[in-house]
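Please build the complex by placing chain Z on the supplied structure of chain W, with the hints as guidance.
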Amino acid sequence: MADPMRIRATHAAGKVDVKILMAHPMETGQRKGADGTTVPAHYIEKVEVRCADRVVLSADWGPAVSKNPYLAFRFSGAAPGQTLSVTWVDNLGQTRTDSVPISG
Amino acid sequence: MTSTRRHVLISAGRFFAGLCAATVLQPLTAFAARNAAAFRAPSPDEALAALGATGAQPSELIDLQTPEIAENGAVVPVVVESRLPNTRAIAIMVEKNPSVLSARFEIPEGTDPQVATRVKVAETSAIIALVQTDEGSYLARKTVKVTLGGCGG
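Each protein sequence line maps, in turn, to chains W and Z. The opening position of the first sequence corresponds to residue 1 in my numbering, with each subsequent residue numbered one higher. The opening position of the second sequence corresponds to residue 1 in my numbering, with each subsequent residue numbered one higher.
These aren't lab readings, by the way, just hints derived from the structure by calculation. All clues stand as given, with none of them false.
Calculated lysine-lysine pairs in the PhoX-like style (CA-CA distance at most 25 angstroms, straight line): (1) K19/W with K46/W; (2) K32/W with K145/Z; (3) K67/W with K96/Z.
Quick list of the computed label-pair ranges, beta carbon to beta carbon: (4) P80/W with Q57/Z: 34 to 44 angstroms; (5) K145/Z with S103/W: 34 to 44 angstroms; (6) G14/W with L61/Z: 17 to 27 angstroms; (7) A37/Z with T38/W: 15 to 25 angstroms; (8) S99/W with G55/Z: 40 to 50 angstroms; (9) N86/Z with K15/W: 10 to 20 angstroms.
Keep in mind that this is a model prediction, so the values were computed, not measured. Where a beta carbon is used, it is the ideal one built from N, C-alpha and C, also for glycine.
So that you can see chain W by itself, here it is in the shape it has in the complex (with noise of 0.2 angstroms):
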């Protein structure tokens, strides 16, 4: 299992400000390893950000999005106190979901 991502969802002027740091490899397919064999794809294919059930951003990425992915976009209509909860799908299947109440 992947290590925990890194969320912050911070309540200000009405608006929810989301900063998410993720843990994977992002391994393009493209690149050798030392013992100068090609070191397998393995990266992010899906996210989701949901609060109460509401999707408020899904993503598709491709491996050039850097290694343990960085991630900042920000929302409306949501209250402190709120869940908010990130899920990333791999491309070989693997997923992770964390979530953080919104601070505010």
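Chain Z in isolation, oriented as in the chain W frame:
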């Protein structure tokens, strides 16, 4: 007695199977299908075609922020902000990467049309921000000079 025990085991098994399906499979199946063809596209034109954005026009209303020079191509910060009304999706492309499309974000109602992330840039290249609205597709581009390639991971 045996039949009762069996029933309990069977129903318990069903319960846990259901629980697993609900907690593990549900988020996977809830995701919309990914546009794999767009992510394989080797050129901006082919990526635009795969995203249904052929003929996207340059727009001053897209704010694309990238560094002018990236010392490390493996981690290039990109911010895209759209001031176009009814923005539905934002995509980031790197013209010289083997596959140009890096990421595509769907912006639902209530979410600001702005995303920030970091991408790999293999060599000095144009970064293209594509914004898809109800009215059409628009883009902005900026060149990032890379001193150390992004393929080293």
